[in-house]
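*Asks:* Sequence:
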Amino acid sequence: MKGANGVPPSLARHLPRHISAAAHRIGRIEDLRDEAERLEITLPASLERAIDKRRREYLAGRISARRALSDLLGTAFAEGDVAADDDDVPLWPGGVVGSISHGAGFGFAAVASASFCRGLGVDVERVVSAGQASRLGPRVLTDRELDLRGGENGGLTREEMFTLAFSAKESAYKALFPIHRRVLGFSDVELERRDGAQGAERSGDLRLRATIDRDAGVVATLVGWYAITCDSDGSGGAATWRLWTLVMSS
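In terms of the numbering used here, the sequence shown opens at residue 1 and continues consecutively.
Think of the hints as simulated: they come from the structure by calculation, not from any bench. Fair warning: this is a prediction, and the values are worked out from it, not measured in the lab. Don't be surprised by glycine CBs; every beta carbon is placed ideally from N, CA and C. Please note that the accuracy of each hint is not assured.
Unchecked claim - Derived DEER-like restraints, expressed as beta-carbon distance ranges:
hint: 1; residue 1: Arg207; residue 2: Pro138; range: 34 to 44 angstroms
hint: 2; residue 1: Arg158; residue 2: Ala114; range: 35 to 45 angstroms
hint: 3; residue 1: Glu37; residue 2: Asp213; range: 17 to 27 angstroms
hint: 4; residue 1: Gly131; residue 2: Asp195; range: 41 to 51 angstroms
hint: 5; residue 1: Ala84; residue 2: Phe116; range: 31 to 41 angstroms
hint: 6; residue 1: Arg214; residue 2: Asp87; range: 16 to 26 angstroms
hint: 7; residue 1: Pro93; residue 2: Arg17; range: 15 to 25 angstroms
hint: 8; residue 1: Ala4; residue 2: Ala130; range: 30 to 40 angstroms
hint: 9; residue 1: Arg181; residue 2: Ser115; range: 20 to 30 angstroms
hint: 10; residue 1: Arg144; residue 2: Arg33; range: 37 to 47 angstroms
hint: 11; residue 1: Pro44; residue 2: Ser134; range: 37 to 47 angstroms
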């Protein structure tokens, strides 16, 4: 499944060359600490006593961010960690925008020059069950998205369509919040179009519309990319279906 810097090849092949992305599996805390130490990444004091899961997620996300930054900036990037502000927004080096996510067993990050785009958002989710999709659909999806989910999905199951819309909204929020500092609900972001869904690891392009301020009529159109992957954790257990999204605000 892994491509350059751990990103699924089915997603990486869609990304503009100006975007650098990386992913790192959320493994044992000992292994993550070793890699983090090599990259001069440290746990914040606030996480030293956190549960193991939270510490592992943080380190996998920051390891991914460091690798993406090194790929983007090369020798221009100084060693060290990516801190966060009071809203938990990552503090990137000057002239860089980006996003960090952790879920479905992976840390995932993407960065780009601020001259290329205003914001990036990433997300990775496990594909939900049929019961979860039916139960959560009316709370998460707009009427238009519910119609899309119930119709011809172009090679995606209803569960995959729900997870795609949910993940794309999460990515859109991460791309827009650092710019506007506004909290958006699920109904404020709508998946308008999805292209592609071919092969064993299906992938394609996205377009979304976000309403930033309804009273002022401020809206944003975002483009993005997605991939659905399936792999095993190597333990002999059931395979895991994951949905990856990366959304850009230009």
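*Asks:* Each hint should be assessed against the structure and marked as holding or not.
*Replies:* Status of the hints after comparison with the structure:
{"no.": "1", "hint": "Arg207 - Pro138: 34 to 44 angstroms", "result": "23 angstroms, violated"}
{"no.": "2", "hint": "Arg158 - Ala114: 35 to 45 angstroms", "result": "38 angstroms, holds"}
{"no.": "3", "hint": "Glu37 - Asp213: 17 to 27 angstroms", "result": "44 angstroms, violated"}
{"no.": "4", "hint": "Gly131 - Asp195: 41 to 51 angstroms", "result": "28 angstroms, violated"}
{"no.": "5", "hint": "Ala84 - Phe116: 31 to 41 angstroms", "result": "22 angstroms, violated"}
{"no.": "6", "hint": "Arg214 - Asp87: 16 to 26 angstroms", "result": "22 angstroms, holds"}
{"no.": "7", "hint": "Pro93 - Arg17: 15 to 25 angstroms", "result": "19 angstroms, holds"}
{"no.": "8", "hint": "Ala4 - Ala130: 30 to 40 angstroms", "result": "34 angstroms, holds"}
{"no.": "9", "hint": "Arg181 - Ser115: 20 to 30 angstroms", "result": "22 angstroms, holds"}
{"no.": "10", "hint": "Arg144 - Arg33: 37 to 47 angstroms", "result": "45 angstroms, holds"}
{"no.": "11", "hint": "Pro44 - Ser134: 37 to 47 angstroms", "result": "39 angstroms, holds"}
Going down the numbered hints, you'll see the structure goes against 1, 3, 4 and 5, while the others check out.
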